[in-house]
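For chain A, the structure is supplied; the task is to place chain B on it using the hints.
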Amino acid sequence: MNFLQMILEALESLAGNKLRSGLTMLGIIIGVAAVISMLAIGAGAQASINNSINSIGTNLIFISPNNEATNPKPLTAEDAAAIKASVPSVASVSALLQGRVQVSVAGKSKSTTVMAVAPEYASLRSLNVTEGSFITPAMIEARSAVVVLGPTVAETLFGRTENLTGQVVRLGSQPFRVIGVLESKGGSGFGNQDDQVIIPLTTGQTRLLNRTPHDRVDQILVQVASSEQVTRAGNDITALLLDRHHRQVGSEDFSLLKQQDILNTAQSITGVLTLFLGGVGGISLLVGGIGIMNIMLVSVTERTREIGLRKALGARRRDILTQFLIESAAISLVGGAMGILLSWGIVTIIGQLAVSSGTALIPVINLDAILLATVFSAAVGLFFGIYPANRAANLQPVEALRTE
Amino acid sequence: MSDDPVIRVKHLRKVYRMGMIEVQALQDISFEIQRGEILSIMGPSGSGKSTLMNILGCLDSPTSGEYILDGVPVANLRDDQLAQIRNRKVGFVFQSFNLLPRLTALANTGLPLRYAGVVKGRDTRARQALEAVGLGERLNHRPTELSGGQQQRVAIARALVNDPAILLADEPTGNLDSKAGREIMELLLTLNRERGTTVIIVTHDPTIAAQTQRVIHLRDGLIEEAA
Numbered sequence: 001m002n003f004l005q006m007i008l009e010a011l012e013s014l015a016g017n018k019l020r021s022g023l024t025m026l027g028i029i030i031g032v033a034a035v036i037s038m039l040a041i042g043a044g045a046q047a048s049i050n051n052s053i054n055s056i057g058t059n060l061i062f063i064s065p066n067n068e069a070t071n072p073k074p075l076t077a078e079d080a081a082a083i084k085a086s087v088p089s090v091a092s093v094s095a096l097l098q099g100r101v102q103v104s105v106a107g108k109s110k111s112t113t114v115m116a117v118a119p120e121y122a123s124l125r126s127l128n129v130t131e132g133s134f135i136t137p138a139m140i141e142a143r144s145a146v147v148v149l150g151p152t153v154a155e156t157l158f159g160r161t162e163n164l165t166g167q168v169v170r171l172g173s174q175p176f177r178v179i180g181v182l183e184s185k186g187g188s189g190f191g192n193q194d195d196q197v198i199i200p201l202t203t204g205q206t207r208l209l210n211r212t213p214h215d216r217v218d219q220i221l222v223q224v225a226s227s228e229q230v231t232r233a234g235n236d237i238t239a240l241l242l243d244r245h246h247r248q249v250g251s252e253d254f255s256l257l258k259q260q261d262i263l264n265t266a267q268s269i270t271g272v273l274t275l276f277l278g279g280v281g282g283i284s285l286l287v288g289g290i291g292i293m294n295i296m297l298v299s300v301t302e303r304t305r306e307i308g309l310r311k312a313l314g315a316r317r318r319d320i321l322t323q324f325l326i327e328s329a330a331i332s333l334v335g336g337a338m339g340i341l342l343s344w345g346i347v348t349i350i351g352q353l354a355v356s357s358g359t360a361l362i363p364v365i366n367l368d369a370i371l372l373a374t375v376f377s378a379a380v381g382l383f384f385g386i387y388p389a390n391r392a393a394n395l396q397p398v399e400a401l402r403t404e
Numbered sequence: 001m002s003d004d005p006v007i008r009v010k011h012l013r014k015v016y017r018m019g020m021i022e023v024q025a026l027q028d029i030s031f032e033i034q035r036g037e038i039l040s041i042m043g044p045s046g047s048g049k050s051t052l053m054n055i056l057g058c059l060d061s062p063t064s065g066e067y068i069l070d071g072v073p074v075a076n077l078r079d080d081q082l083a084q085i086r087n088r089k090v091g092f093v094f095q096s097f098n099l100l101p102r103l104t105a106l107a108n109t110g111l112p113l114r115y116a117g118v119v120k121g122r123d124t125r126a127r128q129a130l131e132a133v134g135l136g137e138r139l140n141h142r143p144t145e146l147s148g149g150q151q152q153r154v155a156i157a158r159a160l161v162n163d164p165a166i167l168l169a170d171e172p173t174g175n176l177d178s179k180a181g182r183e184i185m186e187l188l189l190t191l192n193r194e195r196g197t198t199v200i201i202v203t204h205d206p207t208i209a210a211q212t213q214r215v216i217h218l219r220d221g222l223i224e225e226a227a
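Chains as they are written, first to last, in the numbering used here: chain A, 1 to 404; chain B, 1 to 227.
Please keep in mind that the hints were generated in silico from the structure rather than gathered at the bench.
All the given hints hold, so there is nothing to weed out.
Derived Cβ-Cβ restraints for the label pairs, each shown as a range:
| # | chain 1 | residue 1 | chain 2 | residue 2 | range |
| --- | --- | --- | --- | --- | --- |
| 1 | A | L297 | B | E22 | 29 to 35 Å |
| 2 | B | V23 | A | L371 | 54 to 60 Å |
| 3 | A | L371 | B | V119 | 29 to 35 Å |
| 4 | A | E12 | B | K10 | 41 to 47 Å |
| 5 | A | L297 | B | E137 | 39 to 45 Å |
| 6 | A | L4 | B | Q81 | 23 to 29 Å |
| 7 | A | E12 | B | E22 | 43 to 49 Å |
Backbone N, C-alpha and C fix where the C-beta goes; we use that ideal spot for every residue, glycine too.
The following block holds chain A by itself, in its conformation from the complex (with noise of 0.2 Å):
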């Protein structure tokens, strides 16, 4: 028999009973339209973190001072020298002091971060000037009272972000000549990059934010050469580490985190959470399935003597099978196709919101989550429409016929 013409009688038996078939099908619209759109803002949330994750250089190696470790020894310059100096796969290597500090001019002032960092910190971390220019060795070498400001913090001090350098501000109570603001990295992620001020590491060390001993620094940032020499950095700046702090491997003084791990865990959980919103959408795809079982049981069951005239007149019972599955497979294509559509305009809506409210989650509608769902409905139309078709197909023409 005609396939196309089945398909034809199919949508012609739905449209005989316009509002049930609306209704069930709004079943399939919403499952269909939950899946992609969960899926989808899973999809967004990921990309969003990924990107500030890499917002913050790439190929990096933190390291910090492990401070359960007995008598630990604090991680110093030299300790990050050294790493330079012996570690053939490491580019470059900044030591940082970090603090909180007020920062004012003319009787405004504001709170922020201070970092105490070498020259190479603004390759590291990829901060660029908008004018002057950052740290030079010159002022690591003269212990210069220079500061890099935050263009959130040149906002609040001065109205503006140009015309800045020579200015002087005060940080506490020290007077630090402005060399240079920062471009505007967007205020998301790990810790806000536009408000903080960046000084020498060693004028922090002996003007502002000094520590005991006088050579301690709170962290080492590391970068790579390449993404493949990583674990092999890693490996190696360990060794180096334990050996200078004459400790034994499992009682390190310090601790290593690859800027791969915070992206592999942040992954590994955006990833259960769009598969947990897929469950939810997946859910409700399912009640929408056995909506379209309820139907068909009850079309079944008003169209008995339709079922027996059609044997009668010699349909085989796959002829009675093949006519209402392709209805119940029909309900559920035309309500995924609905769904798709409606998925689109919500992640629209979505996008609309989460711009407007300045996060930066976009939610990415890929073809793998549209495909995804189109054959989930597909499959679900026709699971549920199994069980009635076969019911449809086995009765028997002779009680069929009778009934009224």
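Chain B in isolation, oriented as in the chain A frame:
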């Protein structure tokens, strides 16, 4: 066309089991129907005439006995094989017409051709069948737009469309007023006379039975007499 009888039934028995009780709906029925005959099967309700009609129409299988329809032994066929026999060899006309309300007269008439796998020329054959019953002007009307008599004509066209060996009519005039009933009866007689269609009418109406060449009377699952 061969001279073999179109229907040969021998020692046909049908037993229903309703729980523990066995009901003998048909006990030892034997008869033959020749090609081109028009006859009636009569009997009071409970006489087994519905059961006999279902078996003759291949809607049901006998418990035992032999049934040869148009040269094919059909007593022991499986459901799907019976469906094909019904499709090719039996045309049904029901008391309540049994047209599909969503389909036009033409589509209703073409339905058996669909299950026969006919794609090309389906509409042409359906139109010819409708013209043969005098409904050539009503091809695209739906059943609700037709009178009872017209609906029954569509049903007869549907029964004829696949050129069956027998036309089986179950109380064909039962749901019609007497004028429409007379016209339908006239149509069946004409089809028998002019096309040589074998027509079997199941009825309890003696005036209908009187118009056919032969009457088979059933009582308690047995043939009472063959007039």
